[in-house]
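Enquirer: Spelled out from the first residue to the last, the chains are:
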Amino acid sequence: MRRLLGAWAASAVVALAWLADTASACPSCASPLEENRQAFVDTTIFLTVVPLTLIGGMVWWIRRRLRAMEDAPQISVPDSLLRDAGPFSKGR
Amino acid sequence: MPDDALGRPYGIPVRREPVLPNGVLGMLIFVATEIMFFSGLISAFVIGKSNAIGGWPPPGQPRLPIEETALNTAALLASGVVLYFANRAFKKGAPNTKRLLGVSIALGGFFVLFQGAEWVALIGQGLTLTSGQLGGFFYLLVGAHALHVVAGFIILLYTYRRLSHDELDRFTFWPAQIFWYFVVGVWPVLYWQVYL
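Note that the protein sequences, when read in sequence, are chains A and B.
For the first sequence, counting from 1, position 9 maps to 9 in my numbering; every step adds exactly one.
For the second sequence, counting from 1, position 102 maps to 102 in my numbering; every step adds exactly one.
These are calculated hints, taken from the structure and not from any lab test.
Among the hints, erroneous ones may be present.
Which stretches of chain A does chain B cover? Using the computed rule of at least three CB atoms under 8 Å from a CB of chain B, they are [said to hold, decoys possible]: (1) 30-40; (2) 46-58; (3) 61-72.
Which stretches of chain B does chain A cover? Using the computed rule of at least three CB atoms under 8 Å from a CB of chain A, they are [claimed, not checked]: (4) 24-38; (5) 46-56.
Simulated restraints, written as ranges between beta carbons of each label pair [to be verified]: (6) B/Gly185 to A/Trp8: 50 to 58 Å; (7) B/Val150 to A/Ala17: 50 to 58 Å; (8) A/Met1 to B/Gly40: 54 to 62 Å; (9) A/Ala9 to B/Leu196: 47 to 55 Å; (10) B/Phe30 to A/Ala17: 26 to 34 Å.
Backbone N, C-alpha and C fix where the C-beta goes; we use that ideal spot for every residue, glycine too.
The shape of chain B in the complex, shown without the other chains (with noise of 0.2 Å):
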């Protein structure tokens, strides 16, 4: 009987990996349920906006801190791309990877509280989600986006302790990123939509 390349004869079963594992095509799916309820929100919006009698923002509310929040939106973005580099160093096993990681949370956790103090002043300034379509609008979709956030930081958290533990493998950290991404990504189009 001929050999493999590793010298053992052939005919044991080969044990393939899955095309996509469990938990990417899962979340790959959560996500596509998660783009479409933004987009929905998204579509609200921009109606409600072109229905606005008067322009929008509408006269005698506070107006969106624009520039403070471009400031913000950098730090998202930036977190994406040093999860992407982190996962680049978690692929080839460098120990830099915790490091990244940990920067690519930071940063998350920044964009979270930034817009927690974003918040506060807008209320202070009288924008409620009671206060008018543009208050209402505004904690409908950032609020949304603020609850995905929050919920990438913790899945996020969860990845940084089992790689500590040395107990992170790419099927855990993959569906991770996807959903990080995703946070990151649909943060661009709520800013342009509400913001500007």
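Bound conformation, chain A alone (with noise of 0.2 Å):
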């Protein structure tokens, strides 16, 4: 069954791939205009891309962050003077 199954969706996959055309509709396969294609298929790329390295950017960050302060050296600090700074108030 699990045979028959795979065998199923590997069919769909290639009468698909045999299927598929340019799409009238997608501006950036039919646009008369050279330039205007070209300027869809940059801001998808562009669009595709800055997410993806603001997210990478800022895990990478955060990851190199956490791993300095994990490499410092750790003091313990009394209560009693913590107490007087306040909680991170006024730390430079």
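Put the complex together from the two separate chains, hints included.
Expert: If you want it as structure tokens, here you go:
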């Protein structure tokens, strides 16, 4: 049964690939103006890359800060001293 | 029981600074959404420009002041650089922090005023939001940025006030800087796309 399902799925993928053609509603494929078509391609790449870069960059930066903090020597500070300073207040 | 470097016994809980203060994380997420907002606007503009019949800028429309805005761009970039030095001075507790922050705010204010004057001149020449594709895109993109500059200007004024009262901490100053750097950083892209 599993083999049959697998064969059916593979056939469906091959059939879809065979049927795929230029989509008339897709401006990247069908615009009569070359400059316009290129603009659609460029902005599609741009809008795909920007969020990935933002999220990736933020994760990388947070990981780097976390590692730097873990590597830094820890000194135990009494609570009385912390209370005087306030919760991270006026910290420079 | 062994003692630590300060001669106190071990075992006292260590209170650590957060990896990223809440304000900074919140501002980073906000700026990320703003970058996507401006990316969408710029993309729409690029598509619109490429679709224009008769070339860009459209014939019969006023020309945008490239040279004057270059000067204004320099003022905004200088504002960002001065803010960077203000932060360095703030970290060291140097007395010139206030002066540097003041200069950064003044340069930001100059940018806003200059742009206001530019808009008045362009409206006088007939470039309005409804005069055509150029006007529509120009006021949308540059206007959206101008709103952000005004917001950043108010935030910097707030930090300046807190600094004057010796109440400014880095957890307030840091997010304000992130926002201002975003405002400064996005402008050259807009200038390149809209004006050049």
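Enquirer: It remains to establish, for every hint, whether it holds in the given structure.
Expert: Okay, the hints, checked on the actual structure:
| no. | hint | in the structure |
| --- | --- | --- |
| 1 | 30-40 | holds (count 6) |
| 2 | 46-58 | holds (count 7) |
| 3 | 61-72 | holds (count 4) |
| 4 | 24-38 | holds (count 4) |
| 5 | 46-56 | holds (count 5) |
| 6 | B/Gly185 to A/Trp8: 50 to 58 Å | 52 Å, holds |
| 7 | B/Val150 to A/Ala17: 50 to 58 Å | 53 Å, holds |
| 8 | A/Met1 to B/Gly40: 54 to 62 Å | 47 Å, violated |
| 9 | A/Ala9 to B/Leu196: 47 to 55 Å | 51 Å, holds |
| 10 | B/Phe30 to A/Ala17: 26 to 34 Å | 42 Å, violated |
When held up to the earlier numbered hints, the structure conflicts with 8 and 10 and fits the remainder.
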